[in-house]
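Number of protein chains: 2
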Amino acid sequence: MAVVNVGICGLGTVGGGAVTVLRRNAAVIAARAGADIVIRQIGARRDKPGIDTQGIDVVRDVFAVARNPDIDIVVELIGGTTTAKELVLEAIKHGKHVVTANKALIAEYGNEIFAAAAKQGVSVCFEAAVAGGIPIIKAIREGLAANRIQWLAGIINGTGNFILSEMRSKGRAFDDVLAEAQKLGYAEADPTFDVEGIDAAHKLVILASIAFGIPLRFDAVFTEGISRLQIEDIRHADELGYRVKHLGVARRTDAGVELRVHPTLIPAKRLIANVNGVKNAVLVESDAVGPTLYYGAGAGAEPTASAVIADIVDLARTMGMDVRYRVPPLAFQSGAIENVAVIPMEDVVCGHYLRMSVLDKPGVLSQVTQVLSSHGISVEALIQKEPEESAETATIILLTSRAAEKTLVAVVKSIEAMDSIEGQVVRLRVENLDG
Amino acid sequence: MAVVNVGICGLGTVGGGAVTVLRRNAAVIAARAGADIVIRQIGARRDKPGIDTQGIDVVRDVFAVARNPDIDIVVELIGGTTTAKELVLEAIKHGKHVVTANKALIAEYGNEIFAAAAKQGVSVCFEAAVAGGIPIIKAIREGLAANRIQWLAGIINGTGNFILSEMRSKGRAFDDVLAEAQKLGYAEADPTFDVEGIDAAHKLVILASIAFGIPLRFDAVFTEGISRLQIEDIRHADELGYRVKHLGVARRTDAGVELRVHPTLIPAKRLIANVNGVKNAVLVESDAVGPTLYYGAGAGAEPTASAVIADIVDLARTMGMDVRYRVPPLAFQSGAIENVAVIPMEDVVCGHYLRMSVLDKPGVLSQVTQVLSSHGISVEALIQKEPEESAETATIILLTSRAAEKTLVAVVKSIEAMDSIEGQVVRLRVENLDG
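From first to last, the protein sequence lines are chains A and B. Numbering follows the numbering used here, with no gaps: position 335 of the first sequence is 1188. Numbering follows the numbering used here, with no gaps: position 285 of the second sequence is 1138.
Any given hint could be a false lead.
The list treats identical chains as one, so a pair stands whether inside a single copy or across any two.
The list that follows gives simulated cross-link-like pairs (lysine-lysine, DSSO-like), each with its CA atoms no further than 27 Å apart [what the hints assert, rightly or not]:
#1 LYS1036 <-> LYS1122
#2 LYS1122 <-> LYS901
#3 LYS1023 <-> LYS1122
#4 LYS1238 <-> LYS1023
#5 LYS1214 <-> LYS972
#6 LYS946 <-> LYS972
Hint data in this document are derived by calculation from the structure and do not stem from the laboratory. Note that this is a predicted model, so its numbers are computed, not measured.
If we strip away everything but chain A, and leave its shape as in the complex, we get (with noise of 0.2 Å):
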């Protein structure tokens, strides 16, 4: 049987993950893929325990892989941007195929890294950088190669949606649930990428460019956390028929492309609104086939293991191929790949969600209305809450209909001005998912 060499940069959960699959499931890797895939040699800072490297050729400088003339396909799982990049770079450099984890380094330089490897006639493979253990990379660029993609919406940050899952089904506060989430090992000390939507970003804009066939543009998308949400407005959802969710949105319009990450109204009974806990999902609309939706394990030592190896097997298949024949990294062909505009955030258009408390007098509720239809709105739900015993202010929760994003901030800053209105309006996103 012919053999693939492999080498593994970085050994920590990823890495560590990639090394116990390979060899625990070796034979039946090799039964699918035609090929015995050995790792010849682990570029790793240090070992790491519980991991079996026995008879590998384990080295501390991650470089003399990725110059390694036994090896074909380096594997880079040290994360990060800069000596990631440089090892990548270099990888390539050396005619070796490249498998990556590392949405941070596709999402900022995907575009350069893809040019370099295209010159060299190798292929830069990176299955595992979004939503963990799931196809969705190969979904998207080969199973959906009949259709246009019109709009995708993903849950891809497993942190986060474990948050908001505890909030809701305990009535949780966001602070109480991430000290608990950083206790299970689910968030980093410094949770900053997950909960502020940085991480779904890097995916979104990968996502977005192997459905639309645009550039990678992480500098375009409109980022907002989960950290601000606060409890009641997740119950108040649930009244309405919603799950709060933190979803990544890319759509295509006429008018160019939506990159947006955001806490999310979606209607409970759409299917992705039952994604909960640490798991992943990502809804994907498109002309032929409508909906579909791919689910499971967005991280994790071996669920991200097994997008790496797919990545690897399918290199397998084809080592030494013509890279004219693979598919490409941005599932369209570069010559064709076009820079269509980001729709600036203002200009984006969706329902939205506002809650304010308001002083219990009457005409209050008249006011409100009226400003939003003054700007051709119109109100789709509305709860009214009576004031508490001791309270004076009443709370008016509702649903606007579809509007741009400057035309709500407008009306926000008029209600906020009234009178009768009490502190500041919570405004969230509201997408439908319907088609």
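For this one, chain A is given, so just place chain B on it according to the hints.
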């Protein structure tokens, strides 16, 4: 740009969809494939109103397409297993790659067809044969290539799922909903294939082969339909926190492989339990990635065409390349396909739902539970319904612990023989689908 010449045989629902989507999305498909996909010829007994075949050579003899030297890929969309089989073998004989949406053909004659194709060095692709537009074949064969797949469970017949969804949400009887499904065009005039699980069995056999690396064993599937399912059992399942779905289940155990299609209670909180209407979904449990789920349209002109065209694009990329570089039809290299024993249904272990009518006198429940415990079975949940005013019998509904089919058959026999039991015991299988 390279040109790939396609011949489409059959101009029914799917054939019409394939022509429409290939024409409408020609530019975006070419941009992905790096080749123009040209419909060179259509073989169909008659034209299809509303399908634009202008400029395409339409012939009445599908075999002319199979033998046409200008055609690279023959797309078999005529259905059935007689002419379709001859056609596919003829196309293979003439060195054509084949794409088919024909689940019966692959499930029943796939082993023979793949052998013929291997001999000729051509590929036979069948993404559209299972779960319509969901790229489930690709996900399992390629996306999960790193994994030992443990089991899979699918809602793989849209008609059946529509009927069960309507029965539950509207409280309507099976016959009533079936009639509506026929009116809506979701069910055939002869609904046997759909409601008796034969269509699902065809698809399950294909999924099991690519998941486990076993030959196609349509002869060995256990199949039970939904036509005798009663609305009250759907209601009782609801009360117990379950949904009734017509599932195809394939599981690899040390003893062999389970292959079965039957109505199944699954916990309402599982994502797949919330797949309603004509939609399909497949849940796959694997050792590295854990559970992944794939959801979308399981039938229809354009969804099925989406899968057909995805196969065409895969072939177009690598046209003329040696077949050994391609993904093997059953995911595993032919030499690695193992003829594992199919476990007889009587030895299959799962949970069970039992409903019985009991005379309303003391001690009956204890007699029933004694029968169960004497077979080593415990009661996991129980509802006892008081007799209605005019009736003399109460209803007992219970969920058992996991036990072999044959044990339950014996238990039911013993219970039915009891004096205090009226009529037959209704039994349904239960799967928790929890890994």
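Structure-based check of each hint:
1. Proximity of LYS1036 and LYS1122 under a CA criterion of 27 Å is satisfied inter-copy only: 26 Å between copies versus 32 Å inside one chain copy.
2. Taking CA atoms no more than 27 Å apart as the test, LYS1122 paired with LYS901 passes in neither setting, with 44 Å inside one copy and 37 Å between copies.
3. When the C-alpha separation of LYS1023 and LYS1122 is checked against a cutoff of 27 Å, the pair qualifies both within a copy, at 20 Å, and between copies, at 16 Å.
4. Proximity of LYS1238 and LYS1023 under a CA criterion of 27 Å is satisfied intra-copy only: 22 Å inside one chain copy versus 32 Å between copies.
5. Taking the closest pair of Cα atoms, LYS1214 and LYS972 never come within 27 Å of each other, the shortest separation being 70 Å inside a single copy and 84 Å across copies.
6. For a Cα distance limit of 27 Å, the shortest separation of LYS946 from LYS972 inside one copy, 9 Å, qualifies, whereas the shortest one across copies, 39 Å, does not.
Consistency with the previously given hints fails for numbers 2 and 5, ordered from lowest to highest.
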